[in-house]
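K.L.:
What follows is each chain in one-letter form.
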Amino acid sequence: MVAASTAGEADGRTVVLIDATAPVASAAHALGCRVALVQRPGSPVHELAGDETDYYSVDFETRPSADPAYFTDFVDTVLRPLNPVTVLSLTGAGALAAATANALLGTPGTPVDAVKALAAAGDPEVGDGERVLRAHTFTTDGAHRWVAAMEEGGSPTRPEQVLPERALPPEEYGPALAALTGLLDASGLPAGPALVRLALRDGGVRILTASHGTGTDDENDLIRRLTGFDLMSSSLRRPLAVPAAPSAAGPPTPAEPCAAGNAGEAGR
Amino acid sequence: MSKPAALFINKHHYSHFSRGGAHILPVTEVDIHLVTRYRAHGGLDGFADHPLPHVAVCETEDFDRWRDLCSWTLRHHPIDRVIAVHERAVLLAAEMRSTFSLPGMDYETAVRFRDKLRMKEVIREAGAAALPAFAALDRPTDLDRVDWTTGRKVIKSRWGLAAKDLYMVDSLDQARAVVAGLDLSGSHYEIEEFVKGRIYHCDSVVVDGEIRFASVGTYLTDPAGYSPGGVFGTVLVDDPDLLRRIRAMNASVLAALGLKDGTTHLELFRTDSDELVFCEVAGRPPGGVIPPVIQWQYGFNIVETQIRLDAGLPVTLGTGPATGTCGFIAFYPGGGEARGVDPGRFADLGVVEHIEHHGAGNGRGGVRHSTDFLDSYVLRAPDEATLMAGIAGIQNEYWR
Numbered sequence: 001m002v003a004a005s006t007a008g009e010a011d012g013r014t015v016v017l018i019d020a021t022a023p024v025a026s027a028a029h030a031l032g033c034r035v036a037l038v039q040r041p042g043s044p045v046h047e048l049a050g051d052e053t054d055y056y057s058v059d060f061e062t063r064p065s066a067d068p069a070y071f072t073d074f075v076d077t078v079l080r081p082l083n084p085v086t087v088l089s090l091t092g093a094g095a096l097a098a099a100t101a102n103a104l105l106g107t108p109g110t111p112v113d114a115v116k117a118l119a120a121a122g123d124p125e126v127g128d129g130e131r132v133l134r135a136h137t138f139t140t141d142g143a144h145r146w147v148a149a150m151e152e153g154g155s156p157t158r159p160e161q162v163l164p165e166r167a168l169p170p171e172e173y174g175p176a177l178a179a180l181t182g183l184l185d186a187s188g189l190p191a192g193p194a195l196v197r198l199a200l201r202d203g204g205v206r207i208l209t210a211s212h213g214t215g216t217d218d219e220n221d222l223i224r225r226l227t228g229f230d231l232m233s234s235s236l237r238r239p240l241a242v243p244a245a246p247s248a249a250g251p252p253t254p255a256e257p258c259a260a261g262n263a264g265e266a267g268r
Numbered sequence: 269m270s271k272p273a274a275l276f277i278n279k280h281h282y283s284h285f286s287r288g289g290a291h292i293l294p295v296t297e298v299d300i301h302l303v304t305r306y307r308a309h310g311g312l313d314g315f316a317d318h319p320l321p322h323v324a325v326c327e328t329e330d331f332d333r334w335r336d337l338c339s340w341t342l343r344h345h346p347i348d349r350v351i352a353v354h355e356r357a358v359l360l361a362a363e364m365r366s367t368f369s370l371p372g373m374d375y376e377t378a379v380r381f382r383d384k385l386r387m388k389e390v391i392r393e394a395g396a397a398a399l400p401a402f403a404a405l406d407r408p409t410d411l412d413r414v415d416w417t418t419g420r421k422v423i424k425s426r427w428g429l430a431a432k433d434l435y436m437v438d439s440l441d442q443a444r445a446v447v448a449g450l451d452l453s454g455s456h457y458e459i460e461e462f463v464k465g466r467i468y469h470c471d472s473v474v475v476d477g478e479i480r481f482a483s484v485g486t487y488l489t490d491p492a493g494y495s496p497g498g499v500f501g502t503v504l505v506d507d508p509d510l511l512r513r514i515r516a517m518n519a520s521v522l523a524a525l526g527l528k529d530g531t532t533h534l535e536l537f538r539t540d541s542d543e544l545v546f547c548e549v550a551g552r553p554p555g556g557v558i559p560p561v562i563q564w565q566y567g568f569n570i571v572e573t574q575i576r577l578d579a580g581l582p583v584t585l586g587t588g589p590a591t592g593t594c595g596f597i598a599f600y601p602g603g604g605e606a607r608g609v610d611p612g613r614f615a616d617l618g619v620v621e622h623i624e625h626h627g628a629g630n631g632r633g634g635v636r637h638s639t640d641f642l643d644s645y646v647l648r649a650p651d652e653a654t655l656m657a658g659i660a661g662i663q664n665e666y667w668r
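As given, the protein sequences belong to chains G and A, one line each in that order. Numbered according to the working numbering, the first sequence spans residues 1 to 268. Numbered according to the working numbering, the second sequence spans residues 269 to 668.
Heads up, a few of these hints could be off.
As the list claims (entries may be wrong) - The calculated DMTMM-like cross-link candidates involving lysine to aspartate or glutamate, where the alpha carbons are at most 25 Å apart (straight line), are:
hint, chain 1, residue 1, chain 2, residue 2
1, G, Lys116, G, Glu152
2, A, Lys464, A, Asp509
3, A, Lys464, A, Glu543
4, A, Lys528, A, Glu389
5, A, Lys271, G, Asp59
6, A, Lys271, A, Glu363
7, A, Lys528, A, Asp374
8, A, Lys271, G, Glu61
9, A, Lys271, G, Asp67
Simulated from the structure, these hints should not be mistaken for laboratory data.
Isolated chain A, as found in the complex (with noise of 0.2 Å):
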C-alpha cells in the first residue's frame, strides 16, 4: 500500500526543518510534494542531507506563481494533505485546502486567523477576549472617526507579520502623514488603540478541537522595537494564576475562531492595572526561538507538530521537565563586529543551545523583522531568577 501523500508549501530556509541532526518531516509516514522558495532565500539548504523527490522551486513573492503552481500539483497527484507553517504560506495552504476539498483548516478559519481585523471582529462578537478599540483603515477619512482624546494609536497591516509595516502615532496629523506613504486600497490596513503594557504569548497544539498543550512566555522586550544592535528574547511564564488567566483567553479566542487542528501562537498585552488584553493571533507555530524554548521544556518541537497534524499523522507533545524554566535571548545585526559569548561559558550561564543564524540583517546595516536574529542563545535555569541572571549575563559577555 502506498503512503499518503501532501503537499508542502514552505517559506522557511529548508535547514529550518532539522534540528540537532533530526529531520522533522515525516517523509517515511508521508511522500512530501515540496514547493520551496529560490535556492538565494535559502528553499534548499541543507536538502542535499534529506532530499525528497518531488520538488518545485519558485519565486514565493510572486503570489499568483505560488498559486498556480501548488493548484498544478493538486490537480495531477493523489494528495490529501496540505502542510504550512510558514505564516505566508498558511493562507495559501488554506486556499488550497478550500478549493480542492482537503481536510485541514479552511479558507475562512485562516482569514481569521491572519487578518488581524476581522480576528477582533469575531472575538469582539463572541465576547471572546478584553480588546483595544480598532477599525479599518481603508481610506484617509477613517482616521477622523477614531477618538483621538484616548491618545496613542497603532496604524498596522491587517496581513502584516513580525511586527513589520506596524506605525504608532500620537494624533490625528501624525496618522495623516503616516498614512499619506501608504497604500490603502484593499483593505490592508487597521488603526487601533496603543495598549501599554507587558507582551505576553500563549503558544498551544489543538488536537480535534480541544487545546492538549498551552506554553505561556513574556517578550524581554516589545517586538515591534527590533533595531540594530539590539536584543529579543522570551521567558517562560510559571505564576499559576497568571498561566489559567493567559490559558483561559487563549482557550475562548481559540473556540471564538474556530480551529479543529494545529497549532497557535496569540499575543496579548498585561497592562500596568494587571488587565489582559487580546493583541493578535496566528494559526501557526510561533517563530523565531520560541519552539526551541519549548522543546527544552516541554521535550517536543512544535514546529513538528503542526507538519505532523497538518499531515493528518498523530502527534506526541512529550512531558517534559516538571520542574525549572526556560527562556531565550536574542542579538540582532549591528552594533559591532566583536560578539559573541565564549562556549566555555554556556554552562555557568545555563545556556543549552547557541543557534548561528545565517542570512540576519537586510545586508545594509538594518534588521528586517522582530525574528531578524543573529545569535540566539537558549537558557535553561531551576528558577525564573536564575534565568534572569543568566540572561542578564549573557548580554554582558555577548559585546567584547
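Here chain G stands alone, though its shape is the one from the complex (with noise of 0.2 Å):
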C-alpha cells in the first residue's frame, strides 16, 4: 500500500505518471507534488495509488496507434484539467504516450520523435555467440552518463560487475561507449534514462534494442546499491527539479562513487 499524498497539498504541482510500477508510485507520491496515474486496465490500483491519487485505466501502449483519438481526446479531457507541470514516464513501454502527452499538454518532456528514434534503433536478432549487456543511462541537458552495464541474466554482485569502464575490458568499453552516444546523440535524447541492449562479439559491438526508460524495479535497485546513482529517483526528481532525498539506505556501497571521472559518463 502507498503512503498518503499529503505533501502534494504544499507544492501544489501535479505530475503525471505513466505505466508505474508499486515502487515507482510511491517515489512519485513522496515527490511533494499531486500525483495521477495512467495505467494499463488491469493494473493493481490498490497498490498504486495513495491516498488522493488520481488513476486512470487507459491503453496507452497499443491502442493510440489504431485510434489516435482516444488518446488525445484522454489527454486533453481529462489530463488537461489537472494542469499537470509534466507527464512522466520510466517505462519505454509509456515513454511514446507520456512525450505524445506532453506535446498536447506544452509541459516539458521528452521530444516524440527522440522516443520513436529509441525505438527504432537496432536489430534484435542476437547473433551465434554474441553476450548480450544491458547498458544503463541517464541523460541530462544532453550529456548521457553511462551509468551501469549488466550482463544479461547476470546477478551482479559486486561494482566492479556493473560499473562500465571496470565490468568491460578496454577493447569492449570503449566501442560500446561510442555505440552508446552515438545512438543517444542521434535519437536526441535530452534528458532522462535509457536501457540499451547492446550485442557483444570479438570487440564488435552493436545495438539490439534501445527504450527511453530504466530496467525493472529489482534492476534500478541493485544499480542504486552497487554504483550509488538512483535511476528511479533521478527520472522523478530532475524533471520536477526536487532535490534528491537523504538515502534511507545509508550511503552507497561502491568503493568508487559512479561520479563523473570513474568515466561512467558517455558523450558530450
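Dock chain to chain to rebuild the complex, using the hints, since each chain is given by itself in its own frame.
P.N.:
In C-alpha cells:
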C-alpha cells in the first residue's frame, strides 16, 4: 500500500506518471506533488494509488496507434484540467504516451521523435556467440552518462561487475561507449534514462534494442546499491527539480562513486 | 462473444458492494468500468479482494471532473449501460445516458426524482398524493408570499440528501435569518409546510414499469434529528390496511414520475389524523441499513437489484420468510466511548447482524448526515412487539 500523498498539498504541482510500478508510484508520492497515475487496464490500483491519487486505466500502449483520438481525447479531457507540470514515464512502454501527452499539453518532456528514434534503433536478433549487455544511461541537458552495464541474465554482486569501465575490458568498453553515445546523440534524447541492449562479440558492438526508460525495479535497486546512482529517483526528481532525498539505505556501497571521473559518462 | 460493458459511477465505499462475503457487482456477466472516489474516501476499500480491470479514481466532489472522466470513458469504450447507486451519482448517470443515448433512467426522469420541488410539482399536477404546501425559494422576497399563519415551515435544499441542508422555522423573521445565511442563487432551495407526523418509507423495485416489490417501514426517530450520541432505526410495517394505503401512494407517485426500471425510496408522513402526506422520493435504493433489513426479511439485496437493473440484467427478488418482522437500530458517533452490545446477547435480543461502520462522524465530534452511523444492529423477531422489545434492550445495553 502506498502512503498518503499529503505532501502534494503544499507543493501545488501535479505530475502525471504513466505505467508506474508500485515502487515508482511510492517514490512519486514522496516528491511533494500531487500524483495522477495512468496505468494499463488490470493494473493493481490498490497497490499504486495514494489517498488522493487520481488514477486512470488507459490502454496507452497499443490502442493509440490504431485510434489516436482515444489517447488525444484522454489527454485533452482528463489530463489537461489537472494542469500538470509534466507527464513522466520510467518505462519504454509508457515513454511514447508520456511524450505524446507532453506534446499535446505543451508541457516539458522528451520529444516524441526522440522516443520513436530510440524505439526504432537496432536489430533485436541475437547472433551466435554474441553476449547481451544491458546498458543503463541517464542524460542531463544532452550529456549522457553510462550508469551501469549488466550482463543479461547475470546476477552481479559487486560494483566492478556493473560499473561500465570496470565491467568491460577496454577493447569492448570503447566501442560500446561510442555506440551508446552515437545512438543517444542521434536520437536527440535531451534528458532522462535510456535502456540499450547491446550485442558484443570479438570487440564488435551493435545495438539490439533501445528505449527511453529504466530497467526493472530490481535492476534499478541493484544499480543504486552497486553504483550509488539512483535511476528511479533521478528520473522522477530531475524533471521536477526536486532535490534528492537523503538515502534511507545509507551511503552508496561501491568503493568508487559513479560520478564524473570514473569514466562512467558517455557523450558530450 | 464478449461481455456487455457498463460504466459504474460510484460514490460509496467500494466495500459497500461486498456483504457477508458476497460481492454484488455482476462481474461475470458485465465488464464494469468503475469510476470511484479517492482512496482516502473509501473508493478503493476492499478493492484487492474484488479487483476490476478498468478503474478511474478522481475527486468526486469536483462534479465537472467527474463528468469529464465519465464522458471520456463512454466516448471511447463499447459501453451501453450506466450504473449508479448513490444519490449524488444518480443524476450524473442519467445525464450520461441521455447524452450517449443509452437505456435506463434518463436525465429528465432523474431530475423528477432528484429535485424535490420539481417532483412535487409533477405529483401535484398528477394528483398522485397529498402534499404539504410548497414553493421555490429563489430570493428572500419569496418568503413574503408564504402563509405564516399555518405555523412551522421547512426550508431545505431541493437537491439535498440524507436530511442535510434542512432548516425548521416558525416565523417569517426566523426564516429571514436562515435565508440570510444561504446562497439562494441557482434555484437550490424550497420552503414547505412542516408536517407533524410519523415518517414512513416505502422501498420498491420497478421492472419494466411494474412495481414488483414494495416494502414499508417506519423510522424510529426523525431522520432530520441526527445528533451526536443519538439513535436512528427503522422497523417494517405489517398492518395490512396501512401497507395497502402506502403502497397505493407509492404506485401513484412512481406512475406520475415515470420510472421504467429501478429501485426507489419514498418517504411520507402519517399525521395524527391518519392522513398520508408525501415527503420525497429518490430513484435509487434506500440508504443506511434499510437494505440489510430488506435482505433479512425478503431474501434479496435491493442495492444489487439496482445494479443489475442498471446493467440490463434480470433480477430475482426472492420471497423471504412469510412470517415475522425485521428492523434495525443504529447509533450515531458521540456520547461516550464505552459502547457496544455483548455479542453473547445477540441471540436473546434478536440481533441477526451487527454492522460496524468505518469512518463515522466528522472527526470533530459531530454527525454528518442521517445515516452517519457508528454501530448498527439488524434484528428479526416473530412479531412487532418482540422486535420493539429487542430494540429497547439494545438501547439499554449499548451504553456501558
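K.L.:
Now, for every hint given, state plainly whether the structure supports it.
P.N.:
Each hint, compared with the structure:
With a C-alpha separation of about 24 Å, the suggested pair lysine 116 (chain G) and glutamate 152 (chain G) falls inside the 25 Å cut-off, and the hint holds. Taking the CA atoms of lysine 464 (chain A) and aspartate 509 (chain A), the gap is about 21 Å. The hint holds against a cut of 25 Å. For the given pair, lysine 464 (chain A) sits about 11 Å from glutamate 543 (chain A) by alpha-carbon distance, which is consistent with the 25 Å threshold. Restraint check: the Cα-Cα separation between lysine 528 (chain A) and glutamate 389 (chain A) comes to about 20 Å, which is no more than 25 Å; the hinted pair holds.
The hinted pair formed by lysine 271 (chain A) and aspartate 59 (chain G) meets the criterion: a straight-line CA distance of about 18 Å does not exceed 25 Å. With a C-alpha separation of about 24 Å, the suggested pairing of lysine 271 (chain A) with glutamate 363 (chain A) holds against the 25 Å cut-off. Distance restraint check for lysine 528 (chain A) and aspartate 374 (chain A): the Cα-Cα separation of roughly 10 Å lies within the 25 Å cut-off, and the hinted pair is therefore satisfied. Of the pairs offered as hints, the one joining lysine 271 (chain A) and glutamate 61 (chain G) holds, with about 23 Å between alpha carbons and a cut-off of 25 Å not exceeded.
Straight-line distance between C-alpha atoms of lysine 271 (chain A) and aspartate 67 (chain G) comes to about 22 Å, which keeps the hinted pair within the 25 Å bound.
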